[in-house]
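Colleague: The primary structure of each chain is shown beneath.
Protein chains: 4
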Amino acid sequence: MVRVKLIGAGGYGGIGLIEMLLGHPEAEIVGLVNPHGAGGKVSEIWPYLEGYCDMPLIDPESDEAKGIDSDVTFCATPDGVGQYWGPIEVAAGRRFVDYSGDYRFNSTELYSQYATRINKDPVHKAPELLGECVYGLTEFHREEIAKAKIVGNPGCFAMSCTIGLAPAIKYGLVEEGSVICDCKTGISGAGKKPSPGFHYPERYDTANAYRLTGHQHVMEIEHELSLIGGKDVKITFTPQVVPMTRGIMSCLYGKLPEGVGHGRVLEAYKEMYVGERFVMVKDFTEAASTGDVRGSNRVLITVACDERTGIFRVISHIDNLVKGQAGSALQNMNVMFGLREDMGLDRPGAHP
Amino acid sequence: MVRVKLIGAGGYGGIGLIEMLLGHPEAEIVGLVNPHGAGGKVSEIWPYLEGYCDMPLIDPESDEAKGIDSDVTFCATPDGVGQYWGPIEVAAGRRFVDYSGDYRFNSTELYSQYATRINKDPVHKAPELLGECVYGLTEFHREEIAKAKIVGNPGCFAMSCTIGLAPAIKYGLVEEGSVICDCKTGISGAGKKPSPGFHYPERYDTANAYRLTGHQHVMEIEHELSLIGGKDVKITFTPQVVPMTRGIMSCLYGKLPEGVGHGRVLEAYKEMYVGERFVMVKDFTEAASTGDVRGSNRVLITVACDERTGIFRVISHIDNLVKGQAGSALQNMNVMFGLREDMGLDRPGAHP
Amino acid sequence: MVRVKLIGAGGYGGIGLIEMLLGHPEAEIVGLVNPHGAGGKVSEIWPYLEGYCDMPLIDPESDEAKGIDSDVTFCATPDGVGQYWGPIEVAAGRRFVDYSGDYRFNSTELYSQYATRINKDPVHKAPELLGECVYGLTEFHREEIAKAKIVGNPGCFAMSCTIGLAPAIKYGLVEEGSVICDCKTGISGAGKKPSPGFHYPERYDTANAYRLTGHQHVMEIEHELSLIGGKDVKITFTPQVVPMTRGIMSCLYGKLPEGVGHGRVLEAYKEMYVGERFVMVKDFTEAASTGDVRGSNRVLITVACDERTGIFRVISHIDNLVKGQAGSALQNMNVMFGLREDMGLDRPGAHP
Amino acid sequence: MVRVKLIGAGGYGGIGLIEMLLGHPEAEIVGLVNPHGAGGKVSEIWPYLEGYCDMPLIDPESDEAKGIDSDVTFCATPDGVGQYWGPIEVAAGRRFVDYSGDYRFNSTELYSQYATRINKDPVHKAPELLGECVYGLTEFHREEIAKAKIVGNPGCFAMSCTIGLAPAIKYGLVEEGSVICDCKTGISGAGKKPSPGFHYPERYDTANAYRLTGHQHVMEIEHELSLIGGKDVKITFTPQVVPMTRGIMSCLYGKLPEGVGHGRVLEAYKEMYVGERFVMVKDFTEAASTGDVRGSNRVLITVACDERTGIFRVISHIDNLVKGQAGSALQNMNVMFGLREDMGLDRPGAHP
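Residue numbers (the numbering used here), protein chains in the order written: chain V, 1 to 352; chain U, 1 to 352; chain A, 1 to 352; chain R, 1 to 352.
No lab work stands behind these hints: they were computed from the structure. Warning: the hint list may mix true and false statements.
Since copy identity is lost for identical chains, a pair holds within one copy or between any two.
Claimed, not checked - Subject to a maximum C-alpha distance of 30 Å in a straight line, what follows is the list of computed DSS-like cross-link-like pairs (lysine-lysine):
| hint | residue 1 | residue 2 |
| --- | --- | --- |
| 1 | K193 | K231 |
| 2 | K149 | K170 |
| 3 | K234 | K41 |
| 4 | K270 | K66 |
| 5 | K41 | K147 |
| 6 | K41 | K270 |
| 7 | K125 | K270 |
| 8 | K234 | K66 |
| 9 | K270 | K120 |
| 10 | K231 | K66 |
| 11 | K270 | K193 |
| 12 | K125 | K170 |
| 13 | K170 | K41 |
| 14 | K120 | K193 |
| 15 | K193 | K41 |
Fair warning: this is a prediction, and the values are worked out from it, not measured in the lab.
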């Protein structure tokens, strides 16, 4: 049994992992850490867990929290928190998966650029770990993840765009400088903290774009795609919120290079993802929606190039809280411990 | 392994059972029967199941459908269909669980009254089976269900009201003739068939009561409560639809008898349901919502009598598609085959 | 033209009044007062108003705010604020309509009971005005409102329940001590302030009851119904929130007295409300929903007694932000200034 | 007073016009024609109109329907119906506004291409009228509309894209062959007819793209933009449905020509739309959402080019049922009869 310690158990990313671990045959939760509700049970702040998981929440500032031993520790916490926990967990010989941007980049320079975008301190608190961290996009880094001490799990938008664009970049199916990511997310992506824009009466029946001056996920998408393409890739990214709770639908566009048509793109996508348990590629004659991936760890990709205009078009659907967060973190854990990659992830969500 | 045959696999009640069976360690699906989509895979009409369940759908009119052998057959079908299948399955030695009203009553007289209410033929097609059928409210008929050949699973409203009122009726905590059930349901209770009132633009932001002249579930609630109380119980029932997909919240009222107060009611409820895996009783100082049971097989009961006015008040929350339908059907299967009662049902839903 | 001053212009109750005043042929807004956004335009905090109403918001703490002269001043503010403004406006000869509980009761004793329920200071700050204030339920206090200096507008739940029960109480169609109000509200009733329970991902698909120990609107309902009935009336009240933005659906129950049936109740309701522009009475064979009153100042009442069980049942539907708040406030203004009662209120909402 | 006859009064486009005409000081409805509900009142099929508009619905097949005389007749009907009514109304000297694609094109050739896309008979039934019809995008065809006998009102997506792209095309701010329209619509755009994909439980929390092989609105957008640009314009168009009732948010992309930056684009948009009552242009530092236009006839445009990547980006927000349908039809009527262009349209929607 893999012993799992979870820091940030009380947020959406934390409870999502708890839900999946409850059904995982080879993992057991050994400790839940969270500031809010510390001293009580996790089911006191999340009553839906009562009777299913009633473990105590440990105060992150306590020695007890640090002392909880594990085979792997997840930090389902906001940017910055993992920089405090990373050194502690790694020193204790625990493998470490972080949900935030803290360990997505291998250098202090890249981290500093990222941190500046989100108005955080550009100086990383655990720079000595950056050389060892692996970007947790399982489909592209499986072998490194298997051996990794530290995994920086991708952002939800980044997951949807990178998986959706990788074959195009790899096989040169889109012209340089033309890539556009038009991404619609559900509201849970913003976490559980109430805010005016996500107050029910303000959000129902309302869609909007935001952070048009630059969303922080752009950097990791460009970084990862540049690695895949072997040259600099730049994207235009339009994050949008629509009134649903879960789901990301990213419409990915670009210019088709001379001689590349829809058939070639479809073929390349199918080829690149053949054998991938969690990536499905469909032609645009087949229906697809975020509802088809709600509650599952799947990426559903529709290839829909417009040959009339010469425009490359691919649509990527994920559940932002599963493949976009807790599910892919668990997928990484499975890889790290040599388990079947879909263990605990082999079920669809509940419909409707 | 319990071999499961599922008739009506394509409705909400069918796919709900498939979802749960996929995670059940002691059951396997041996055949899916459904008219719509017959000849194709279940995942063709429900793409979210693709990769998780890709079994074929068999035409109910085919010999193949009848021939599928099983240990238990579920009819997740509208009223009437089970009257055709019941005799076939029982004759083949398969145990039988029906979701509709077809086998909820033990006599042709009661069935005839029920059928009249829903404008169906009052003559039961398989009257010889009525003597053997057991009402599938596990908590009250566990022993009979364990031995039953035929189980008539309760209606969703009936589940919420009967569990919510049983202790009051049993212990005389509410005055005769005063019981009111004010029940709010999500829309999935009406099934997957589109209709003007459930068209998204007509339903969002809209609540209404319906069938004020008499809902068909009244009959089974009164019948079951009369058995529990040892005398005739009558209720006033107000079904309402609110704009959510899953969930039933039933506010149950009556007159407190002289000398009965909130404390006595709370105590009686806790006592009656002690040890019940799927029934939780709370005092009204504790928060409760349909969100706390979404995706789980739980009944969450809040006792909230109003001593100032002498009014009995209990609020019952369920997920109409789980404890109100597929979950309780699976719970019955577990009991019928001597399995742990919460097998395949021991996980919370996904939140949010 | 009636000159209107609006304090609390930035909340839902304020902008609702602005919307209606923009279409009112005999009223003009002369000043908007609000702490949030003061110094800027109302359309800066509410961009949907841009181009329709771009008046400045005046700081309530400024002398300018006090100095704005008007024929009528509305306080669309939380409990307590009107106690500060009432004396100022009345002294300046301006008529005064308050949305909160500040002027709903005629005595310091009653106010003190009310304030205690909502954890406010039980000592009224302007006790000298209480003798002059009129309860703003237009249908029952039209003549006093016409002459009133101060109107205390009813709470939204109170509006729905009082109009829904008045004929029953007046004509003795329900037994003493048996009245139950099961009330479902949309979320806008809680105002624009974000909170965990109204965060979109927590609220969609979720219904719950709250304040089961006693909602503050109970007091004014009982007070008003006692006046109408000429004797003490007590009610049991169950406030609930369902995932919609606008609308209240109140199911009102009681015991039918011996000899009183559905027909008599229906007749009494039709009779009492004949000629009322904003009250519609329907029999339960006619469909009704909160959608039918969304955006309008109407109360839609369905009479649906259950003769089989002897239970009185009436369902009352309103838009909590119109007849439940800004609409009824405007209706009162029309009465106060001798205008046609439905001026500015003679249009349905937008559908869907 | 302009006498208005409305054919197709029972759909969303019909009732939307009724709502606005009820508040229009210079128009009066003289006849409502609709097959469903004919013989009864419009408020019988739409109870929210009861007491506000209780006019009878006339059977379109009756002589009475043809005989209703008017100054202007609106056909708020599906494609094809206007081809029957156009000749009748025009022959009777009534001016004619059609909501569908029937009169959006000036030649039988163009119409035939359009009809083929939507699987309709490519032969127009009233070809003699095509030469006289004017495309009803008021902002670009004001003078022709003022004199027009027949106006073909734009499609909702077309409205949002054409207004959003016109300045870019006119002033050459986007490179040829690079234009992409990523359009998210609310569900009311599909009308009132229930369908599986718009059944509430299937649609809540679900987003999807559709008609990826080619939406019919593409043609009129390309046609109109080509006129504006003076050369052939082609677009890639991705229609999507998100779970809201009203609203279209179109993200419009392209390649910025050498030397064109964000500032130039913003300036051109502001310049082109200066003085337009219903078009607002904002910089991307200002918040904008479909909520800001819900219920209003406004187009809210955000200019948000990405200079880092050289991508042109403009976001256009409308209410699909107002500026996208009934509102723009009424705006055209105002122009046709020399009324103030915003008459009956000078109010915001209701918020929230």
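Colleague: Confirm or reject each hint.
Modeller: To see whether the hints hold, each was checked on the structure:
| no. | hint | in the structure |
| --- | --- | --- |
| 1 | K193 <-> K231 | neither (39 Å within a copy, 48 Å between copies) |
| 2 | K149 <-> K170 | within (28 Å within a copy, 57 Å between copies) |
| 3 | K234 <-> K41 | neither (46 Å within a copy, 40 Å between copies) |
| 4 | K270 <-> K66 | neither (45 Å within a copy, 39 Å between copies) |
| 5 | K41 <-> K147 | neither (34 Å within a copy, 39 Å between copies) |
| 6 | K41 <-> K270 | between (46 Å within a copy, 21 Å between copies) |
| 7 | K125 <-> K270 | neither (41 Å within a copy, 46 Å between copies) |
| 8 | K234 <-> K66 | neither (40 Å within a copy, 56 Å between copies) |
| 9 | K270 <-> K120 | neither (40 Å within a copy, 35 Å between copies) |
| 10 | K231 <-> K66 | neither (42 Å within a copy, 61 Å between copies) |
| 11 | K270 <-> K193 | neither (39 Å within a copy, 34 Å between copies) |
| 12 | K125 <-> K170 | neither (34 Å within a copy, 52 Å between copies) |
| 13 | K170 <-> K41 | neither (47 Å within a copy, 34 Å between copies) |
| 14 | K120 <-> K193 | both (19 Å within a copy, 27 Å between copies) |
| 15 | K193 <-> K41 | both (20 Å within a copy, 28 Å between copies) |
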